[in-house]
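Enquirer: The chain contents come next:
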Amino acid sequence: MLVLEQDIDQLLKGCRNNERLAQEGLFRQFYSFAMGIAMRYSRDEQDACDIMSQAFVKIFKSIHSFDSSKGSLHAWIKKIVSNEGLDHIKSRSRFSANVELEKVEEPQVNNAALEDMGAEEIMEIVKKLPPATHAVFVLYAIEGYNHREISEKTGISEGTSKWHLSEARKFLQKQLEHLKP
Amino acid sequence: MDQRTPYELIIAEKLQNIPIPDMADQIWSRVKFQLDIDMPTDDDSDPPGGGQTPPDTGFYLGGVGLLVLAAILAVFHARSLSGNQEPAPAAIVPASNPQPEIKSGVTEKSGAIKTPSAPASVARYREYIPATPLTGDSVFVAGEEPRVTLLPDSFATETSPDLKNDLPPGAALTDSVPVIPGKKRGVSGITENDYRIVPKKKDQQPY
Numbered sequence: 053m054l055v056l057e058q059d060i061d062q063l064l065k066g067c068r069n070n071e072r073l074a075q076e077g078l079f080r081q082f083y084s085f086a087m088g089i090a091m092r093y094s095r096d097e098q099d100a101c102d103i104m105s106q107a108f109v110k111i112f113k114s115i116h117s118f119d120s121s122k123g124s125l126h127a128w129i130k131k132i133v134s135n136e137g138l139d140h141i142k143s144r145s146r147f148s149a150n151v152e153l154e155k156v157e158e159p160q161v162n163n164a165a166l167e168d169m170g171a172e173e174i175m176e177i178v179k180k181l182p183p184a185t186h187a188v189f190v191l192y193a194i195e196g197y198n199h200r201e202i203s204e205k206t207g208i209s210e211g212t213s214k215w216h217l218s219e220a221r222k223f224l225q226k227q228l229e230h231l232k233p
Numbered sequence: 060m061d062q063r064t065p066y067e068l069i070i071a072e073k074l075q076n077i078p079i080p081d082m083a084d085q086i087w088s089r090v091k092f093q094l095d096i097d098m099p100t101d102d103d104s105d106p107p108g109g110g111q112t113p114p115d116t117g118f119y120l121g122g123v124g125l126l127v128l129a130a131i132l133a134v135f136h137a138r139s140l141s142g143n144q145e146p147a148p149a150a151i152v153p154a155s156n157p158q159p160e161i162k163s164g165v166t167e168k169s170g171a172i173k174t175p176s177a178p179a180s181v182a183r184y185r186e187y188i189p190a191t192p193l194t195g196d197s198v199f200v201a202g203e204e205p206r207v208t209l210l211p212d213s214f215a216t217e218t219s220p221d222l223k224n225d226l227p228p229g230a231a232l233t234d235s236v237p238v239i240p241g242k243k244r245g246v247s248g249i250t251e252n253d254y255r256i257v258p259k260k261k262d263q264q265p266y
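Chains H and F, in that order, are what the protein sequence lines are. Under the numbering used here, the first residue of the first sequence is numbered 53, with each subsequent residue one higher. Under the numbering used here, the first residue of the second sequence is numbered 60, with each subsequent residue one higher.
Hints were generated in silico from the structure; no laboratory data involved. Note that the coordinates shown come from a computational prediction; the quantities given were computed from them, not determined experimentally. Every residue, glycine too, gets a C-beta built ideally from N, C-alpha and C. It is possible that some hints are incorrect.
Calculated from the model, a selection of chain H residues having no Cβ within reach of chain F, i.e. all distances over 10 Å [stated by the list, open to error]:
#1 Asn70
#2 Gln75
#3 Arg80
#4 Ser84
#5 Arg92
#6 Glu97
#7 Cys101
#8 Met104
#9 Lys113
#10 Ser124
In silico contact screen, one side only, chain F against chain H (beta carbon under 10 Å); selected entries [stated by the list, open to error]:
#11 Leu68
#12 Ile70
#13 Gln75
#14 Asn76
#15 Ile79
#16 Ser88
#17 Asp97
#18 Thr100
#19 Ala137
#20 Ser139
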């Protein structure tokens with residue numbers, strides 16, 4: 053781990069000097085990590101490629117603003133990739149701002165069936181969500197943001213964020229019911 | 060209210076281990092392309108588009124420039140060669156080679172060397188054929204006294220029209236000197252040595 057940190061420091065130094073080799077090294081070092089985040093916001097692999105390429109261009113352009121004392125490089129990259137994924141979803145659809153929900157419903161879901169499902173299978177179900185609902189569900193259920201934070205990131209109200217989450221849960225329940233033996 | 064449900068936690072855990080497609084090269088090429096545009100390197104050694112792009116445009120331009128230059132040089136060379144193939148002007152004997160002194164009215168032979176393309180109107184100079192077979196010693200060398208031998212009638216060649224008209228019938232020209240058959244050759248009191256052509260000195264030449 054110590055060797056890896058030294059390598060990352062050298063890569064960061066090279067990236068600040070606009071060295072292509074260092075930039076490529078940093079990209080490949082964090083490729084798997086960032087790609088996993090990008091795929092949560094994308095409908096297919098090409099979408100994920102778009103998100104990744106745009107995110108890393110922003111990373112290298114703003115590499116001088118990264119301060120290791122304020123957080124880890126992983127968290128910084130995750131934030132940039134998530135924001136880029138969110139912008140990508142926004143470019144495809146508008147977030148409904150006229151629907152409000154006070155309390156989010158919690159439908160019953162077969163957790164056992166969900167446990168037996170693979171990651172790709174679950175991903176395919178999530179991708180079927182409408183774009184805005186998909187974004188809110190990912191931000192809430194996977195990224196761990198609360199509704200206030202989601203409203204700040206997406207520009208929608210907390211009520212609208214809750215409505216989208218409720219819609220996502222209903223959809224998942226229906227989808228998982230079909231998987232019952 | 061903001062608590063995640065158990066199945067959402069399961070979904071989140073599952074999606075942490077989603078298989079990652081191998082698209083690093085494809086994505087990096089796009090990133091590099093954009094960086095070369097937005098943040099070019101100092102040496103500018105990498106062209107936009109990365110290594111997967113076609114060869115450098117400058118390379119093509121340099122090759123085209125070399126081809127154009129080679130074509131221009133070839134044209135100039137061809138022109139110079141065609142200029143050399145033109146009929147060479149009559150070579151003039153260098154001044155260091157003294158002209159032979161022709162006595163007794165023999166038309167002085169100029170040192171001009173006629174080429175096959177000489178116009179027909181110009182009198183063709185005969186070759187001097189010595190009475191004895193040519194040897195290395197008999198070849199005219201600049202500075203030596205050439206030996207001239209008058210040729211018989213059978214060796215008469217073309218002459219200028221004017222000269223032909225002036226000849227008596229039956230006369231054959233040898234060295235542009237009319238030889239009237241039956242008449243005694245030469246003038247009494249003049250020996251063979253008098254017919255020897257001595258090269259004139261430079262300052263004695265009429266031209």
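Enquirer: Can Ile70(F) be said to touch chain H, with a Cβ gap under 10 Å?
Expert: 6 Å, holds
Enquirer: With a cut-off of 10 Å, does the beta carbon of Thr100(F) approach a beta carbon of chain H closely enough for the hint to hold?
Expert: 6 Å, holds
Enquirer: Are all beta-carbon distances from Met104(H) to chain F longer than 10 Å?
Expert: 5 Å, violated
Enquirer: Classify the label on Lys113(H) as holds or violated, using whether its beta-carbon is more than 10 Å from each beta-carbon of chain F.
Expert: Contrary to the label, Lys113(H) does not stay out of reach of chain F, its closest Cβ about 7 Å off (not over 10 Å).
Enquirer: Double-check Leu68(F) for me: the hint is only fine if its C-beta lies closer than 10 Å to a C-beta in chain H.
Expert: At about 8 Å, which falls below the 10 Å cut-off, the nearest Cβ of chain H leaves the hint on Leu68(F) intact, so it holds.
Enquirer: Just want to verify: Glu97(H) was marked as not at the interface with chain F; is every Cβ pair farther apart than 10 Å?
Expert: Non-interface label on Glu97(H) violated, nearest chain F Cβ at 5 Å vs cutoff 10 Å.
Enquirer: Would the non-interface assignment of Asn70(H) survive a Cβ cutoff of 10 Å against chain F?
Expert: Asn70(H) is in fact no farther than 10 Å from some Cβ atom of chain F, at 6 Å.
Enquirer: Next item in the hint list is Ser88(F). Is there a CB on chain H closer than 10 Å to its CB?
Expert: 9 Å, holds
Enquirer: With a cut-off of 10 Å, does the beta carbon of Asp97(F) approach a beta carbon of chain H closely enough for the hint to hold?
Expert: 7 Å, holds
Enquirer: Classify the hint on Ala137(F) as holds or violated, based on whether any CB of chain H lies nearer than 10 Å to its CB.
Expert: 48 Å, violated
Enquirer: Can the hint on Ile79(F) be confirmed by a CB-to-CB distance to chain H that is less than 10 Å?
Expert: Nearest chain H Cβ about 5 Å off; hint holds.
Enquirer: Can we trust that Ser124(H) is non-interface, i.e. its beta-carbon lies farther than 10 Å from all of chain F?
Expert: Label holds. Min Cβ-Cβ 17 Å, cutoff 10 Å.
Hint check: violations occur at hints 1, 2, 3, 4, 5, 6, 7, 8, 9, 19, 20; the rest are consistent with the structure.
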